[in-house]
Amino acid sequence: MSLDEKLFEIKRKWIPVYFILLIGLIILAIHFILMAYFTNNQDYASFSLLTLVAAGYIGYNLSKFLNTIISKYTTVKLLTCKKCGYSNEDKNVDKEDYVMKEDGICPKCGGKMIIEGIYRIEEKTKPSLLELFGLKKKIRNRFK
Amino acid sequence: MDGQGIVNTIMTLFLLLIFAYISQELQIWKMVSEIEAYLSIFRTARDHALGVTSNTFKKLLPKSNSSRKIEYEKIKNIDERIQELVDLTIIEPVNLDPYGIVKKIKHIILVTEKTVENEIKIILPNIKKSEIKNLTNLIDATRILNFIYKFLDHNYRIARKFKSLWLLMQIYALLPFITQEVKALENAIEAFNKGLPVGDSVGPLVASKLIKKYSGFENIDTPVEDTVITRVNIDNREIYIVKAQGPGGTTGRLDDAIEWLFNNIGKKFSMIITVDAALKFEGEKSGTITQGFGVAIGGTGVEKFNIEEIASKHNIPLYAILIKMSEIEALSILTKDLYEATEKALNIIERVIRERSVEHDKIILVGVGNTIGIYP
Ligand SMILES: [Zn+2]
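These protein sequence lines map, in sequence, to chains A and B.
Going by the working numbering, the residue at position 110 of the first sequence is 110; the numbering climbs one at a time, nothing skipped.
If you want the working numbering, it's the 1-based position in the second sequence plus 1000.
Bound-form chain A, shown alone (with noise of 0.2 Å):
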């Protein structure tokens, strides 16, 4: 687990507590505001002006959960032909690669393939809903 990972479990825990606690806040807003419109008592109106802001800054927190991007990560070795020039990416990383070691065979000429660098490639994710609510177990995989 890296450390990522766990600063988002630890958030995580939280979602399912704001999400009835949204829903909870805006049923009460709806009746404060239906109740305003039918007793025409000015304290409705400002009950469900108080209820409405804080759904607002509920709803603000869990928006920002809910655009939580994960990165996964691929390492490669950027292999290139000492002879032709051709390059390609290689994701079969072993732990003896080192950059300017001569590895394999030109698939074009023949000739002899070097590391030219070694880097990792960013790709970043984002969980569905059902992961968020950890109905699914799939963020664990997306770090490896």
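FYI, nobody ran anything at the bench for these hints, they're computed from the structure.
A hint or two may mislead.
Pairs of lysine-lysine residues, derived as DSS-like cross-links and limited to a Cα-Cα distance of at most 30 Å, are as follows [as the list claims (entries may be wrong)]: (1) A:LYS112 - B:LYS1129; (2) B:LYS1063 - A:LYS101; (3) A:LYS112 - B:LYS1280; (4) B:LYS1074 - A:LYS101; (5) A:LYS124 - B:LYS1059; (6) B:LYS1161 - B:LYS1074; (7) A:LYS108 - B:LYS1213; (8) A:LYS82 - B:LYS1280; (9) B:LYS1362 - A:LYS82; (10) B:LYS1324 - A:LYS6; (11) A:LYS91 - B:LYS1213; (12) B:LYS1128 - A:LYS11; (13) A:LYS108 - B:LYS1212; (14) B:LYS1129 - B:LYS1336; (15) A:LYS91 - B:LYS1103; (16) A:LYS95 - B:LYS1213; (17) B:LYS1150 - A:LYS6; (18) B:LYS1059 - A:LYS6; (19) A:LYS126 - B:LYS1194; (20) B:LYS1128 - A:LYS82; (21) B:LYS1324 - A:LYS126; (22) A:LYS95 - B:LYS1114; (23) A:LYS91 - B:LYS1059; (24) B:LYS1285 - B:LYS1103; (25) B:LYS1069 - A:LYS6; (26) A:LYS112 - A:LYS6; (27) B:LYS1106 - B:LYS1128; (28) B:LYS1280 - A:LYS124; (29) B:LYS1129 - A:LYS6; (30) A:LYS124 - B:LYS1336.
Chain A is already provided as a structure; the job is to place chain B with the ligand on it using the hints.
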């Protein structure tokens, strides 16, 4: 004002006080719970690092057919030795009288390095030099993680003991920065364990690319420990490229290498160019390249001091090429953006050499940083 009014006022004041008290308690509770959560995260990060380190050691242990009991004893012994190495403390020299302190710091660092490497050699007698370097890096990262956790835990315990809001607030305010560092170190553990280049390796990577481009592999020499020097020809200028010796994770002894060049090649260099990773500001894009003047070397400042000394003594211009990145990127496996930045840096160096020197000049180029996963 009648009696009722006074009672009402007092009641209101009393309620206000209670609310103030409750809100403060709530704030403390929120801070405490958040600090505790982070502390537990830092502790797992530390434990994870320890686990990775000891696993790496065990994997490198030579296979033997001795009985299970002896094997068990061996493994237990290794865990103890690793804990010892992680708990090592480096005591800085006293700075009351700072004259000559750089020499002392260098001495202490070299002794520490040597001793840790020897310890590793004793535990694992038949491993490659590059593996020893990577293990040293791994232990260093684990040591810092261990220190961060212990330090924070200590402060937190004191704050709790004395119920000090101010101490808690200080710890709370530091959390984002510490988290940043812990994240960086956690990524570093992964990179060091696999022996792959990190963001900090951009300096040696640029040097290595220059060596390849101008075919300097034939002239490679290692007159100074852990450091390679080679000579290439760019536009009829003699370029001496200095970098740490890879592919093991080390930063080399760049100051000693430059001193060696001055003693053996001559004193007439037209410039010293250092290429290094630099911390970016949050708003800056990773991989931005900026130029500067002076010596671009971080760390303890020993090498920086020594190179500045020698350059100012012989009146040699110091140019720096900086590749910007975040703290996390500097210790994580190299990103593609940063890799592409090294190509750009290469072009800038060629331009600087062409524009700021004339033919037959001698120039020193230093690739500064950890050369993990990068040959030569
Ligand atoms: Zn080819």
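Each hint, compared with the structure:
| no. | hint | verdict |
| --- | --- | --- |
| 1 | A:LYS112 - B:LYS1129 | holds (26 Å) |
| 2 | B:LYS1063 - A:LYS101 | holds (28 Å) |
| 3 | A:LYS112 - B:LYS1280 | violated (38 Å) |
| 4 | B:LYS1074 - A:LYS101 | violated (35 Å) |
| 5 | A:LYS124 - B:LYS1059 | violated (33 Å) |
| 6 | B:LYS1161 - B:LYS1074 | violated (41 Å) |
| 7 | A:LYS108 - B:LYS1213 | holds (22 Å) |
| 8 | A:LYS82 - B:LYS1280 | violated (35 Å) |
| 9 | B:LYS1362 - A:LYS82 | holds (29 Å) |
| 10 | B:LYS1324 - A:LYS6 | holds (28 Å) |
| 11 | A:LYS91 - B:LYS1213 | holds (25 Å) |
| 12 | B:LYS1128 - A:LYS11 | violated (44 Å) |
| 13 | A:LYS108 - B:LYS1212 | holds (22 Å) |
| 14 | B:LYS1129 - B:LYS1336 | holds (28 Å) |
| 15 | A:LYS91 - B:LYS1103 | violated (45 Å) |
| 16 | A:LYS95 - B:LYS1213 | holds (25 Å) |
| 17 | B:LYS1150 - A:LYS6 | holds (20 Å) |
| 18 | B:LYS1059 - A:LYS6 | holds (27 Å) |
| 19 | A:LYS126 - B:LYS1194 | holds (28 Å) |
| 20 | B:LYS1128 - A:LYS82 | holds (28 Å) |
| 21 | B:LYS1324 - A:LYS126 | holds (28 Å) |
| 22 | A:LYS95 - B:LYS1114 | holds (25 Å) |
| 23 | A:LYS91 - B:LYS1059 | holds (24 Å) |
| 24 | B:LYS1285 - B:LYS1103 | violated (37 Å) |
| 25 | B:LYS1069 - A:LYS6 | violated (37 Å) |
| 26 | A:LYS112 - A:LYS6 | violated (44 Å) |
| 27 | B:LYS1106 - B:LYS1128 | holds (25 Å) |
| 28 | B:LYS1280 - A:LYS124 | holds (22 Å) |
| 29 | B:LYS1129 - A:LYS6 | violated (35 Å) |
| 30 | A:LYS124 - B:LYS1336 | holds (14 Å) |
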